[in-house]
Amino acid sequence: MQSNALNISINDVTKTYGDFFALKDVSLEVKSGEFLTLLGPSGSGKTTLLMVLAGFTRPDYGSVKFGNEEVVTKPPHLRDIGMVFQNYALFPHMNVEQNIGYPQKLRGKSKSEVKESVAEALSIVKLDGLGHRGVGELSGGQKQRVALARAIVFKPQILLMDEPLSALDKKLREEMQIELRQLHDSLTMTTVYVTHDQKEALTMSDRIAVINDGELKQLGSPNEIYTNPKNAFIADFIGESSLLPAKVISNKTYLGASEIMINHPSKDDGDYLLVIRPEKLFLANGKEKDTNLFSGIVEGSIFQGESQLLVIKLDPGSFGEQSLRMRLPNGSNIGQKVPISGEKISVGLRKSDSFLVE
Amino acid sequence: MALIDEHVNEAVLKNLDRKENFTLFGLTVPYLFLIFFLIIIPVGWLFYMSFIGRDGSYSFENYERMVTSKSYIRIFLTTFKISFLTTLICALLGYPLTYFMSQLSRKWAGICMIGVLIPFWTSLLVRTYAWLVLLQRKGLINNIAIDLGFISEPIKFVHNTSGTLIGMAHIMLPFLILPLYANMRAIDKDCLKAAANLGATPTRAFWTVFFPLSIPGLLAGLLIVFVICLGFYVTPAVLGGGKIIMAAMKISSNIELYFSWGAASALGVVLLVVTMLILYIASKLVSIDQIGGNK
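Protein sequences, first through last, are from chains P and A. For reference, each letter of the first sequence is one residue, going 14 to 371 in the working numbering. For reference, each letter of the second sequence is one residue, going 715 to 1009 in the working numbering.
Errors might be hidden in some of the hints.
[Unchecked claim] If you anchor each label on the Cβ, the simulated ranges turn out as follows:
{"id": "1", "chain 1": "P", "residue 1": "K87", "chain 2": "A", "residue 2": "F925", "range": "58 to 66 Å"}
{"id": "2", "chain 1": "P", "residue 1": "K37", "chain 2": "A", "residue 2": "G824", "range": "32 to 40 Å"}
{"id": "3", "chain 1": "A", "residue 1": "K728", "chain 2": "P", "residue 2": "A245", "range": "55 to 63 Å"}
{"id": "4", "chain 1": "A", "residue 1": "Q817", "chain 2": "P", "residue 2": "E292", "range": "24 to 32 Å"}
[Claimed, not checked] Per the computed footprint, the stretches of chain P lying under chain A, defined by three or more beta-carbons under 8 Å from a beta-carbon of chain A, are:
{"id": "5", "stretch": "179-188"}
{"id": "6", "stretch": "210-219"}
Hints in this document: simulated from the structure, not taken from any laboratory. Heads up, the beta-carbon is just placed ideally off N, CA and C, and yes, glycines get one too.
Chain P extracted, bound-state conformation:
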């Protein structure tokens, strides 16, 4: 993406609390104009990293650069970056207009300039005409928009967001995800977004940085991370998956007693996990090429609206005692009977969708 916004270079950033490593030698480059998401479970260190960028947490050591400028010692009020807080942190004693105008006033703008920029920001977040409302009179979604308007009104080159949608209900959240992404694209900004919601990360990001135990576990586009997770944690955390224990013995991969095909060069001998995405499985007729076939008994068949979830207990003689999940889209399987509980079925997984993680 072409953009003049500042890039962010994070190098070797480490933060400890006693013996606990909140961040461990994290190095990460956020490209100019990029929408990068820090994704991880709670306590993973993602918020700590964001706080280091904002200047609220001082790391033990490490470097943070905005463009070419080292900012790690710079106090928060001199960093000139926008931030949207998890619970919005709107000033309750100011109305919407005063909240949004606050950073402009601090920047010594004239009254008319403040007014103009506030009106512009309000229209960007689609709250025209609500300037005189008190903060307490707003709905959750409106507060979120005010917080956003306040963070972008001074046209910062970097925008940080700390789980800004987590307090909204699901429907509104999904709308806002698209809207936030469009907003990012229309403004010249580098955005760092923190969330624990993998779906949100997949929806919004140019790249995702998966963080766990204070470490950067994987960095890549949503597609890369989804289709090629580096380890079992990421495979499990991002998207749905069944992880089945597999063994590699002299270049051959076994699931229980059966040999299976995998999509990458064989790994060293040892124990691995086969990652199976439920939506990649299909009902097999035995004629498919380059496909691993799993036979078993349907243990559960659950209607979930857009799809049918099947829990399949694999044939223990061939694959060992384990079960996997399969998702059949509803509506596109016309002509196919939806398997019911207790039915014996055979499902296929293409070689290209089969891979092992440690």
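Based on these hints, arrange chain A on the given structure of chain P.
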């Protein structure tokens, strides 16, 4: 059997609601009795007696005296002056201390709070006399200062306004700190972070965000201190050395020396009315809930 006019169980459920409300109301009955016999009736009696003159007939003389007699006017002025100054001192000492406490971790703030509360739980009389021991002519502070050569003559700390103010401010400080602390704790720390992120220096963030948000707690504290000060008796009596005469002391002397219940009642009524008036004005500024320290 199906009922035609009534929904199923409607009457029974309504009855249950009524029963629960009645039980809840029952809990307030002992308190209402107390209020009635110990507050409403005595205050009514007070009110009545304030209109009884020396000769036992109805008259306004008790109130007239308050407007015409110089000594009464002076007593009211003293009462307000001492209350106002005590409140001011409490605010100047209490606000920074409470701010400091609100920024500590809960554990350390708890320890500081114990420091605030221990004197609060000690008898008022004990603390008043303790100040007398410390501050009097041959008291601890004067002796040490003279021994160290800071001063040659003892400073007159007590039996005047300064002694009264020191004692009263010490006693009243917790009343300011408690509601203010509750208020400051409830201020969203992210608001201050947001202010900093948006470009405010720490000082600017304090004055534009923290201070305005702490005003309800501060007003609540100031109000409690001021209103309690209006009725102070022991501390000005002991530390003022007879030179500081506040309304409560005049009430007592009216009864004990002059047996003039009418004059005492009139003073009491005026104090009560003034207090109510202040509370009314304050309730226009802050909601009553906040005076209890709630957000």
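**Prompt:** Against the structure shown, which of the earlier numbered hints fail to hold, in ascending order?
**Reply:** Of the numbered hints, 1, 4, 5, 6 do not hold.
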